[in-house]
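Listed below, chain by chain, are the residues.
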Amino acid sequence: MIRKLGILAAAALAGAILAIPQPSAAQGTLRVCADPDYMPYSDRAREGFENKVAQAVAGYLGEKVSYTWFSMRNTPGGFHTSGGFDEFIHETLRSGKCDVVVDVPYSNQDLLTTQPYYVSSYVFVFDKARGYDIESLDSPALRDLKIGFETETPPEQGLIIRHIRLGNVPFDVGGTQGQSPAVMLDALRNGQIQVAITWEPAVGYFLRNSAYSRLAVVPLPNSRGRGAPEQYIFPMAMGVRPGDTALQKRLNAVITTHQAQLVSILSEFGVKLYHPNINPY
Amino acid sequence: MKVKRLWLWVVAIFGCAFVLPSIARTDDLSSLSQDSNQWVLPSLNYANTRYSKLDQINTDNAKDLKVAWTMSTGALRGHEGQPLVVGDTLYFQSAYPNHVFAVDLNDYHTKWQYTPRQDEFAVAVACCDLVNRGVGYASGKIIEDALDGSIIALDAATGHVLWKAKNADPKLGQTVTSAPLIVHNKVIVGISGGEFGVRGSLTAYDLNTGKRVWRAYSMGPDSDVLIGPHFTGPHNAGINTWRGDDWKLGGGTTWGWYSYDPNLNLLYYGTGNPGTWNPSQRPGDNKWSMTIFARNPDTGQAVWAYQMTPHDAWDYDGVNEMILANLTVSPGDPTPGLVHFDRNGFAYELDRRTGKLLLAKPYDPSVNWATRIGSDGRPVVDPKYMTKAGVNVKNICPAAMGNKDEQPASYDEQTGMFIVPTNHNCMDYQAFAVKYKAGFPYVGATLLMYAGPGGYRGAVIAWDPSKGEIVWSDHERFPAWSGVLSTAGGVAFYGTMDGWFKAIDAKTGSLLYKFKVPSGIIGNPMTFMHDGKQYVAVLTGVGGWAAIGLAAGLNEPTAGLGAVNAAQDLKNYTNLGGTLMVFSL
Chain U
156 MIRKLGILAA
166 AALAGAILAI
176 PQPSAAQGTL
186 RVCADPDYMP
196 YSDRAREGFE
206 NKVAQAVAGY
216 LGEKVSYTWF
226 SMRNTPGGFH
236 TSGGFDEFIH
246 ETLRSGKCDV
256 VVDVPYSNQD
266 LLTTQPYYVS
276 SYVFVFDKAR
286 GYDIESLDSP
296 ALRDLKIGFE
306 TETPPEQGLI
316 IRHIRLGNVP
326 FDVGGTQGQS
336 PAVMLDALRN
346 GQIQVAITWE
356 PAVGYFLRNS
366 AYSRLAVVPL
376 PNSRGRGAPE
386 QYIFPMAMGV
396 RPGDTALQKR
406 LNAVITTHQA
416 QLVSILSEFG
426 VKLYHPNINP
436 Y
Chain W
42 MKVKRLWLWV
52 VAIFGCAFVL
62 PSIARTDDLS
72 SLSQDSNQWV
82 LPSLNYANTR
92 YSKLDQINTD
102 NAKDLKVAWT
112 MSTGALRGHE
122 GQPLVVGDTL
132 YFQSAYPNHV
142 FAVDLNDYHT
152 KWQYTPRQDE
162 FAVAVACCDL
172 VNRGVGYASG
182 KIIEDALDGS
192 IIALDAATGH
202 VLWKAKNADP
212 KLGQTVTSAP
222 LIVHNKVIVG
232 ISGGEFGVRG
242 SLTAYDLNTG
252 KRVWRAYSMG
262 PDSDVLIGPH
272 FTGPHNAGIN
282 TWRGDDWKLG
292 GGTTWGWYSY
302 DPNLNLLYYG
312 TGNPGTWNPS
322 QRPGDNKWSM
332 TIFARNPDTG
342 QAVWAYQMTP
352 HDAWDYDGVN
362 EMILANLTVS
372 PGDPTPGLVH
382 FDRNGFAYEL
392 DRRTGKLLLA
402 KPYDPSVNWA
412 TRIGSDGRPV
422 VDPKYMTKAG
432 VNVKNICPAA
442 MGNKDEQPAS
452 YDEQTGMFIV
462 PTNHNCMDYQ
472 AFAVKYKAGF
482 PYVGATLLMY
492 AGPGGYRGAV
502 IAWDPSKGEI
512 VWSDHERFPA
522 WSGVLSTAGG
532 VAFYGTMDGW
542 FKAIDAKTGS
552 LLYKFKVPSG
562 IIGNPMTFMH
572 DGKQYVAVLT
582 GVGGWAAIGL
592 AAGLNEPTAG
602 LGAVNAAQDL
612 KNYTNLGGTL
622 MVFSL
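For the record, the sequence lines run as chains U and W. Numbering follows the numbering used here, with no gaps: position 143 of the first sequence is 298. Numbering follows the numbering used here, with no gaps: position 266 of the second sequence is 307.
Certain hints may be false.
Dumping the calculated SDA-like pairs for lysine to any residue here, alpha-carbon to alpha-carbon at most 20 Å [as the list claims (entries may be wrong)]:
1. U/K404 to W/D286
2. W/K435 to W/P406
3. W/K402 to W/G415
4. W/K612 to U/A296
5. W/K207 to W/G251
6. U/K404 to W/L213
7. W/K289 to U/L267
8. W/K548 to W/T456
9. W/K212 to U/S419
10. W/K212 to U/H413
11. W/K289 to U/P271
12. W/K289 to U/D265
13. W/K207 to U/Q270
14. W/K289 to U/R405
15. W/K104 to W/K548
16. W/K289 to U/N407
17. W/K104 to W/W541
18. U/K427 to U/S368
19. W/K94 to W/H571
20. U/K252 to U/R201
21. W/K612 to U/S294
22. W/K429 to U/Q264
23. U/K207 to U/R363
24. W/K435 to U/H318
25. W/K289 to W/D263
26. W/K435 to U/I315
27. U/K427 to W/E161
28. U/K404 to W/K289
29. W/K107 to W/G540
Please keep in mind that the hints were generated in silico from the structure rather than gathered at the bench.
Construct the entire structure; sequences and hints are all you get.
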């Protein structure tokens with residue numbers, strides 16, 4: 156009992172320490188938290204779009220970039236958290252080792268986010284030649300197709316509430332260290348699935364490769380057709396520690412003045428900005 | 042120096058002379074809206090009664106109604122608004138792309154037509170179809186609210202653009218679907234986008250210049266909510282009923298109808314659901330989401346506020362219309378009342394001077410999420426129906442779209458009854474976390490809606506405000522998602538989603554006339570006189586949340602849940618497409 160209390164007290168103390176605002180970045184350095192092995196987002200060679208965006212942002216701030224590397228796709232079981240993005244944040248941003256995560260959904264609850272600097276969407280990817288008539292999760296054509304989807308994402312929920320499940324193939328790219336988002340495209344090519352549903356920025360980079368030139372990409376529209384809002388289109392922002400409004404402000408200023416440049420970096424990585432003309436349901 | 046000062050005086054005097062007549066003319070909206078031959082405000086009058094004194098069409102001759110003329114709106118999406126008639130001209134706005142037409146009632150020619158250039162991104166973020174609820178009119182100007190948040194003043198005579206303002210940024214999920222209300226030279230405009238964490242606000246623009254006069258947020262510091270010393274409620278609740286900075290994405294959008302009491306000089310409206318759908322993630326009352334606000338229209342300052350659904354866990358937006366009527370809930374004590382049929386299934390009757398609750402009773406027999414509204418004004422929630430992250434809570438009534446959504450009721454002055462178009466759906470609701478899986482954004486809540494007990498999905502009811510009871514109820518196959526018009530002829534009008542335009546006896550609800558129109562009706566019937574003849578007009582063009590939900594949802598197996606029409610589909614009854622239908626004897 157006493158021992159348990161001790162642990163609780165230690166945890167509470169740790170919490171209190173962590174809650175103390177961390178000293179801001181070393182002067183003249185943008186301290187970025189990133190994954191060392193998750194292309195096209197980021198890698199240790201700084202080849203991902205998060206790396207390029209960070210470089211550009213630091214340039215506009217007149218600063219250098221430094222990195223704290225930690226896998227966002229760590230396997231669960233760590234002391235503090237259940238792994239994944241939670242543990243990544245815990246070990247990097249929250250521990251004060253670095254100050255910014257370059258690519259997070261706007262309004263993410265665990266971080267203080269900047270204003271969004273781009274908007275993209277979950278997409279259907281399929282062989283153009285098949286000519287499937289797919290515009291949304293309500294398209295009847297989907298019911299006859301083998302669908303590959305990423306687990307624990309909005310499209311998975313969308314499939315479940317429509318009872319479109321039989322024979323579908325789950326992927327867990329976002330939870331598997333070392334796995335490339337291109338695995339879903341390969342599954343399309345080898346016929347394991349007929350339609351892939353994934354986050355466009357995860358695959359846009361690979362889709363530029365001629366090996367995938369036969370693939371069509373159709374965004375999933377947001378929907379409230381089933382009652383609850385279903386969101387597939389997300390504004391993306393940068394994340395800082397809750398309370399770090401100083402850095403948030405500086406980043407917002409960069410986004411306001413240089414959004415076009417940031418977006419052009421993204422487009423070099425095949426990140427499609429959400430096309431506004433699609434049917435909303 | 043002297044010359045310069047003199048010049049300033051001349052400008053000032055000239056400016057005043059220029060402005061004064063138009064002030065007089067907008068204040069005229071109060072009296073102009075008393076003229077039943079015209080229909081100059083979205084809900085006919087500031088009290089939002091939708092009760093017209095016209096009586097040429099009555100319970101005896103309504104069976105002889107016929108179609109007088111029709112016109113395509115040129116748009117396919119949901120038409121939730123109503124035309125206006127000012128003098129000899131009928132004005133209406135279509136669903137997106139929001140065409141506005143001015144039609145000459147003498148020969149039905151189009152005097153002018155205007156379609157705004159819009160930020161197409163709005164299409165992607167609009168929540169529940171690309172609906173619109175109509176234009177506003179004042180001082181020779183037609184005010185259009187476009188989906189992308191453009192507020193456009195058009196010369197009512199020519200359709201020329203006089204000014205434009207921007208009330209929303211679609212890139213942040215903000216859109217505008219509501220009809221503006223003009224009070225004292227102020228164009229009152231709301232905002233949509235609660236599902237994107239938009240922090241809702243109500244904004245007033247100057248009728249003559251389009252300059253913003255005030256903006257009142259639904260949550261945040263008192264200075265943002267425009268809460269000052271005269272506010273009768275708690276201070277800073279817009280922050281301290283939230284965890285941390287959650288109020289910044291607090292929702293509380295304002296896309297319903299607005300009403301106004303010229304004697305009290307108070308503007309009334311409701312706010313929508315709080316931001317992030319998962320209630321576990323936003324502990325607290327989340328004020329002032331789900332709230333009826335009374336504000337001074339000149340300054341925006343809040344006078345009172347009443348929150349109907351603290352800590353919403355069901356998506357019961359509080360935006361439905363406020364109808365101003367004199368009530369006698371306690372015998373011998375007539376009170377200037379405000380009546381509001383909320384999404385949460387309760388009819389709220391308040392003293393509109395103070396916001397004091399007079400009566401709150403369910404207006405649909407299926408309501409179960411709360412057993413009653415307590416004497417403190419808070420719902421007594423049945424814990425069985427409290428939604429939680431990760432738990433699928435079943436058989437919650439009403440469903441998220443409420444026992445009524447934006448479709449406006451009428452206050453039938455002759456019978457003293459409210460005639461209310463209602464929904465009769467229940468739901469299973471599973472709330473999920475807002476998370477981020479590495480590389481994959483995630484937010485979501487799943488929800489399954491189905492017909493409520495009895496198997497019908499909607500009804501038009503008569504509501505006795507003094508007793509808080511249903512007097513009669515006409516069941517409908519689908520949610521009754523059109524507004525209701527009451528008239529001194531004893532006839533009430535509404536439309537159905539499966540495409541029937543209906544005239545009923547306001548006293549009994551019995552059907553007098555019906556006509557099958559080109560598309561289902563979610564718009565609001567209105568009436569006017571022209572050349573000695575009474576006309577009833579309605580925009581048809583099905584869509585909106587209910588139509589999307591039904592068109593898709595009816596394919597699902599709902600066996601065992603009491604859904605009689607589970608195998609049927611709205612598509613078997615009607616089709617998309619906007620048409621203005623005008624009826625007369």
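**Prompt:** Is it true that the CA of W/K289 sits at most 20 Å from the CA of U/P271?
**Reply:** Given that 20 Å is the threshold and the Cα spacing comes to 14 Å, the pair holds.
**Asked** Under the criterion that the straight-line Cα-Cα distance not exceed 20 Å, is the pair W/K435, W/P406 satisfied?
**Response** Holds, at roughly 18 Å.
**Request:** Please work out if W/K435 and U/I315 have their alpha carbons no farther apart than 20 Å.
**Result:** holds, 16 Å
**Prompt:** CA of W/K104 to CA of W/W541, is that 20 Å or under?
**Reply:** holds, 14 Å
**Asked** Going straight from one Cα to the other, do W/K402 and W/G415 come out at no more than 20 Å?
**Response** holds, 11 Å
**Request:** Starting from W/K289, check that the Cα of U/N407 is at most 20 Å away, please.
**Result:** holds, 16 Å
**Prompt:** Are the Cα positions of W/K289 and U/L267 separated by 20 Å at most?
**Reply:** holds, 11 Å
**Request:** Verify the proposed pairing of W/K104 with W/K548, using a straight-line Cα cut of 20 Å.
**Result:** holds, 16 Å
**Request:** Compare the distance between the alpha carbons of U/K404 and W/K289 with 20 Å, and conclude whether the hinted pair is satisfied.
**Result:** holds, 15 Å
**Asked** Keeping to a limit of 20 Å between CA atoms, is the pair of W/K289 and W/D263 held or broken?
**Response** Roughly 13 Å between the alpha carbons, so the hint for W/K289 and W/D263 holds.
**Request:** Mind checking the alpha carbons of U/K427 and U/S368 for me, to see if they're no more than 20 Å apart?
**Result:** The hint holds at about 15 Å.
**Item:** Pair hint U/K404 and W/D286, alpha-carbon separation not exceeding 20 Å
**Value:** holds, 16 Å
Checked against the numbered hints given earlier, this structure breaks none of them.
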